[in-house]
Amino acid sequence: ETGVTQTPRHLVMGMTNKKSLKCEQHLGHNAMYWYKQSAKKPLELMFVYNFKEQTENNSVPSRFSPECPNSSHLFLHLHTLQPEDSALYLCASSQAIAGMVASDTQYFGPGTRLTVL
Amino acid sequence: GDSVTQMEGPVTLSEEAFLTINCTYTATGYPSLFWYVQYPGEGLQLLLKATKADDKGSNKGFEATYRKETTSFHLEKGSVQVSDSAVYFCALPSGGSNYKLTFGKGTLLTVNP
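In the order they appear, the protein sequences are chains A and B. Just so we're aligned: 17 in the working numbering is position 17 of the first sequence, and the numbers increase by one with no gaps anywhere. Whatever position you read off the second sequence (first residue = 1), add 1000 for the working numbering.
If we strip away everything but chain A, and leave its shape as in the complex, we get (with noise of 0.2 Å):
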């Protein structure tokens, strides 16, 4: 795999379910990204992960949780979801330096598509 892998590409969940999605990026990064992409909205950024630090928090309901156990990898716990949340869920990933920035271009995966019933 190269890149930045995203699973599942398409998830279908019931209001009370609880599911994850999965990022995990092969480029060697260190920072890790959610965006929730929804039509006829811009691109909102969710959370940002800087060395499995979280370093932003967009205000996101607490029904969104994520969890970054090592550089390569991001998940998003989804629990007690509205349908509103149904969106096109990204990762992405870039390289950072720790207490300072560097490169800032991210790279994306493909995306989980999230319809919540």
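All clues given are correct.
Pairs of lysine to any residue, SDA-like flavour, derived with a Cα cap of 20 Å:
1. A:LYS41 <-> B:ASP1002
2. A:LYS36 <-> B:LYS1105
3. B:LYS1068 <-> B:LEU1048
What follows is a list of derived Cβ distance ranges for each label pair:
4. A:GLN82 <-> B:LYS1060: 37 to 43 Å
5. B:GLY1041 <-> A:GLU44: 17 to 23 Å
6. A:THR115 <-> B:GLU1069: 45 to 51 Å
7. B:PRO1113 <-> A:LYS40: 24 to 30 Å
8. B:GLU1015 <-> A:MET15: 43 to 49 Å
9. A:THR115 <-> B:GLU1016: 35 to 41 Å
10. A:THR16 <-> B:GLN1081: 42 to 48 Å
11. A:HIS73 <-> B:SER1085: 30 to 36 Å
12. A:SER59 <-> B:GLY1009: 26 to 32 Å
13. A:LYS41 <-> B:LYS1068: 25 to 31 Å
14. A:LYS18 <-> B:GLY1009: 33 to 39 Å
Everything labelled a hint here was simulated from the structure, so no lab data went into it. Positions of the beta carbon are idealized from the N, C-alpha and C atoms, including for glycine.
We have chain A; now place chain B onto it with these hints.
Frame of chain A; chain B shown alone:
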């Protein structure tokens, strides 16, 4: 805060037509500027970037020049192909951090044979 404004779509062109997608920005200083492309069913891919004023980014026949006097970074291609059909996003780092990108709303391009 830092932001980008790009032309609303959709844009529909015939094959071999000339393409321009406008993007203007508001920023403190002179950040890097990006164009990302999203093909149907896929995530975003970096198309090109420019890191300083007067730089020209280019890739796959697309070009964009960083113009500080007009605060613009318009995307151009001389002859589009059906395979260029996608959504194009202009972006820049924001929030005083190079790792946080702000994206435009995206412009859907459809190229007909």
